[in-house]
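2 protein chains.
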Amino acid sequence: MGHRLDDVSAPARLAAPDEGIGRDELALATRNHGLPLEALRYDITPPGLHYVLTHYDIPYVPDDTEWQLTVGGLVRRPLRLTPADLRAFPRVTTRVTLECAGNGRALLTPRPVSQPWLVEAVGTADWTGVPLRLLLEEAGVEPGAVDVVFTGADHGVERGVEQDYQRALPIGTATGTEPEVLVAYAMNGAPLPPQHGRPLRLVVPGWYGMAHVKWLREVTVTDTAFEGFQQSVAYRLRQHPGDAGEPVTRIVPRALLVPPGFPDFMSRTRVVRPGPLPLEGRAWSGRAPVTRVEVSADAGRTWQEAELEPAAGHRWAWRHWRSTWTATPGEHTLTARATDADGHTQPLAQPWNRGGFAVNLVQRVPVRCLDEDAHG
Amino acid sequence: MGHRLDDVSAPARLAAPDEGIGRDELALATRNHGLPLEALRYDITPPGLHYVLTHYDIPYVPDDTEWQLTVGGLVRRPLRLTPADLRAFPRVTTRVTLECAGNGRALLTPRPVSQPWLVEAVGTADWTGVPLRLLLEEAGVEPGAVDVVFTGADHGVERGVEQDYQRALPIGTATGTEPEVLVAYAMNGAPLPPQHGRPLRLVVPGWYGMAHVKWLREVTVTDTAFEGFQQSVAYRLRQHPGDAGEPVTRIVPRALLVPPGFPDFMSRTRVVRPGPLPLEGRAWSGRAPVTRVEVSADAGRTWQEAELEPAAGHRWAWRHWRSTWTATPGEHTLTARATDADGHTQPLAQPWNRGGFAVNLVQRVPVRCLDEDAHG
Numbered sequence: 001m002g003h004r005l006d007d008v009s010a011p012a013r014l015a016a017p018d019e020g021i022g023r024d025e026l027a028l029a030t031r032n033h034g035l036p037l038e039a040l041r042y043d044i045t046p047p048g049l050h051y052v053l054t055h056y057d058i059p060y061v062p063d064d065t066e067w068q069l070t071v072g073g074l075v076r077r078p079l080r081l082t083p084a085d086l087r088a089f090p091r092v093t094t095r096v097t098l099e100c101a102g103n104g105r106a107l108l109t110p111r112p113v114s115q116p117w118l119v120e121a122v123g124t125a126d127w128t129g130v131p132l133r134l135l136l137e138e139a140g141v142e143p144g145a146v147d148v149v150f151t152g153a154d155h156g157v158e159r160g161v162e163q164d165y166q167r168a169l170p171i172g173t174a175t176g177t178e179p180e181v182l183v184a185y186a187m188n189g190a191p192l193p194p195q196h197g198r199p200l201r202l203v204v205p206g207w208y209g210m211a212h213v214k215w216l217r218e219v220t221v222t223d224t225a226f227e228g229f230q231q232s233v234a235y236r237l238r239q240h241p242g243d244a245g246e247p248v249t250r251i252v253p254r255a256l257l258v259p260p261g262f263p264d265f266m267s268r269t270r271v272v273r274p275g276p277l278p279l280e281g282r283a284w285s286g287r288a289p290v291t292r293v294e295v296s297a298d299a300g301r302t303w304q305e306a307e308l309e310p311a312a313g314h315r316w317a318w319r320h321w322r323s324t325w326t327a328t329p330g331e332h333t334l335t336a337r338a339t340d341a342d343g344h345t346q347p348l349a350q351p352w353n354r355g356g357f358a359v360n361l362v363q364r365v366p367v368r369c370l371d372e373d374a375h376g
Numbered sequence: 001m002g003h004r005l006d007d008v009s010a011p012a013r014l015a016a017p018d019e020g021i022g023r024d025e026l027a028l029a030t031r032n033h034g035l036p037l038e039a040l041r042y043d044i045t046p047p048g049l050h051y052v053l054t055h056y057d058i059p060y061v062p063d064d065t066e067w068q069l070t071v072g073g074l075v076r077r078p079l080r081l082t083p084a085d086l087r088a089f090p091r092v093t094t095r096v097t098l099e100c101a102g103n104g105r106a107l108l109t110p111r112p113v114s115q116p117w118l119v120e121a122v123g124t125a126d127w128t129g130v131p132l133r134l135l136l137e138e139a140g141v142e143p144g145a146v147d148v149v150f151t152g153a154d155h156g157v158e159r160g161v162e163q164d165y166q167r168a169l170p171i172g173t174a175t176g177t178e179p180e181v182l183v184a185y186a187m188n189g190a191p192l193p194p195q196h197g198r199p200l201r202l203v204v205p206g207w208y209g210m211a212h213v214k215w216l217r218e219v220t221v222t223d224t225a226f227e228g229f230q231q232s233v234a235y236r237l238r239q240h241p242g243d244a245g246e247p248v249t250r251i252v253p254r255a256l257l258v259p260p261g262f263p264d265f266m267s268r269t270r271v272v273r274p275g276p277l278p279l280e281g282r283a284w285s286g287r288a289p290v291t292r293v294e295v296s297a298d299a300g301r302t303w304q305e306a307e308l309e310p311a312a313g314h315r316w317a318w319r320h321w322r323s324t325w326t327a328t329p330g331e332h333t334l335t336a337r338a339t340d341a342d343g344h345t346q347p348l349a350q351p352w353n354r355g356g357f358a359v360n361l362v363q364r365v366p367v368r369c370l371d372e373d374a375h376g
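Chains as they are written, first to last, in UniProt numbering: chain A, 1 to 376; chain B, 1 to 376.
Hints are computed from structural coordinates only; laboratory data are not their basis. Being a predicted model, the structure only gives us computed values, none of them experimental. Take these hints with a grain of salt, some might be off.
[Claimed, not checked] Derived coverage of chain A by chain B (criterion: at least 3 residues anywhere in the stretch with Cβ under 8 angstroms from a Cβ of chain B; other residues may be distant):
{"id": "1", "region": "147 to 153"}
{"id": "2", "region": "266 to 279"}
{"id": "3", "region": "318 to 328"}
{"id": "4", "region": "354 to 368"}
[What the hints assert, rightly or not] A short list of chain B residues far from chain A (calculated; beta carbon distances all over 12 angstroms):
{"id": "5", "residue": "Arg31"}
{"id": "6", "residue": "Thr54"}
{"id": "7", "residue": "Pro131"}
{"id": "8", "residue": "His196"}
{"id": "9", "residue": "Ala312"}
{"id": "10", "residue": "Pro329"}
Think of the CB as a built atom: it goes at the ideal place given N, C-alpha and C, for glycine as much as any other residue.
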């Protein structure tokens, strides 16, 4: 028997109805990580609490100064830039809420077998870098440009295809200003941590994480639509394996709440005591600004309007919201939902697709309110 | 029906033989995280790649300057110290490899249901702080001291017991110099990140993570042995539920290797091409210095001695090792094992206990070596 790449990967599959998380999903869950939900309290997510999803290995880059970014393809003046060269361009800092396209996947039935996120694959950071449009201007894009392809240094195999991680944006998006795409070299004022793309990554405000190519090495302008694995096979919204599917692009609206009270270690059930309780959380949308957050203490049967803090000029960052709930002894399910200026909101029943992408099913937080005099 | 604390927690249990990882275990795996194994390349683990395990919520501490650490109990001069006060004491920096006591748990059959680590719950940092013995000297420990109890600010419920996280050390260990216990305020030269105990944590070199109490608020000297939940119920090595069990203390030897080649996204199987391949990794023991690392490419049937780098004075940190392997087309299982100066080594068959603690079963890395001419 031969030993070939196409034997290495198992086909994509859905879990059986009662199938627990498998060893493969667990291996992804232990190396990638979500935002512990209590960290929704921070405007800017502290390093190490921001979600991380890496397809292959985190490249080992002991010396940033030797890194080179090329800008080529359909351009008049191909560029070769070091991180120091990039710092000579005008710098822009943008606060961006980044969410994994697979967030919510593990709540689906049937569950697509992949990185098993519940609701926590999110984080917000101040990203500093050069607007991509300035680099493309410097290189001089030729007429006829269709896509801009971004190549990272992370290398692996997926469904039998050996690849460097690659994604593309349409030329209009790559050179646009709403959002303004960045080639970022700093996160929260410090050099990028290795797991966030050190030394360079793309930041595409409002888009799911798969577009923000990390460990960025090449920017290539093409005159045809990019059809690489991560563009045309992965990250498509499909109902059936044979569908061409719609591409996954911008982030759909979502609200999350900071679980109140304190947790049981194992079940993560929240414990509170009777009386009024402040609730708070964050809400975001990459489609249009969030205009409304509602909270429910009865699993979505009735809703109460939350108070949404001003956006403070950060169009691409989550917004803080607060509300109050009067807890009474018994079991409750708290939930919240965001609505954006386009009228998009979050479903109470799962919006299923085979890849488990762009799932914004509402968060459900089970809370146990103790009796007035309960001390365990 | 009443709503009491003892209804909140489910009893400890073992998974059924074919039971996949449950929603409760997954909720822990998505918020806590391990070291991505390629990060074993770094002497000091970059922030955000070091493993994290939090029992309850990460406390929210917006202003460090208001934090107070008390030193009390059986002492002549109780102390109340701010982080700034601690910086006035002599400072010590110690490089420490920290491992979770539950590392390896999810590899056990039957699997204890808890945080489901495979092998990655480890990391190495330079911790800076005040030797605990200097604080206890300043407070003046009275005769008859037995234990020193450490209380963190993280609050939750576990098996029906509401608690702040608390652990104790015997007075001799707390005031000893081998290892020297620290009250740390910096990690790798920066203030502690929230998830690592900001603003103060205990560091007990050589001991499993449960001893390194984070968000440290109280140090209390007692004249009786501490019998709190995390000391006498959790973190015991038991074969049967009714056993008193031995306490979990120091880290048993372990070697891990950086998985060679590149991964398949989903299975994490490693792919290499035929020929000589450098192998490298780390090895550590909290019992006695590591003196030997061996590598096997046939799942432990035959072993080859690895080259162990000098310890460079960091007694409590992992040591780097390297070896070479000549890959031939086919499927292989790489493994490594560490032996320490006391002759302790790693088992090839699981050392089972009900809590899944101190499990140093060898790592097994499946590798697929392609045919010479295979290109997928």
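Going through the hints against the structure:
Only when three residues or more bring their CB closer than 8 angstroms to a CB of chain B does the claim for the region 147 to 153 of chain A stand; here the count is 0, and the claim is violated. Evaluation of the coverage hint for the region 266 to 279 of chain A: fulfilled, as 5 residues show C-beta separations to chain B shorter than 8 angstroms, against a requirement of three. For a cut-off of 8 angstroms, the count of residues in the region 318 to 328 of chain A with a CB near a CB of chain B stands at 0, and the three-residue condition is violated. Counting residues of the region 354 to 368 of chain A whose beta carbon lies closer than 8 angstroms to any beta carbon of chain B gives 1, which falls below the threshold of three, so the coverage claim is violated.
The claim that Arg31 (chain B) lies off the interface is violated: its Cβ sits roughly 4 angstroms from the closest Cβ of chain A, which falls inside the 12 angstroms cut-off. A beta-carbon of chain A comes within 12 angstroms of the beta-carbon of Thr54 (chain B); the shortest separation is about 7 angstroms. Every C-beta of chain A lies more than 12 angstroms from that of Pro131 (chain B), the closest at about 26 angstroms, which supports listing it as non-interface. At the 12 angstroms boundary, the C-beta of His196 (chain B) falls inside the reach of chain A, the nearest C-beta of that chain being 8 angstroms off.
In this structure Ala312 (chain B) is separated from chain A by more than 12 angstroms, as the shortest Cβ-Cβ distance comes to about 18 angstroms. Not every CB of chain A is more than 12 angstroms from the CB of Pro329 (chain B) (nearest about 5 angstroms), against its label as outside the interface.
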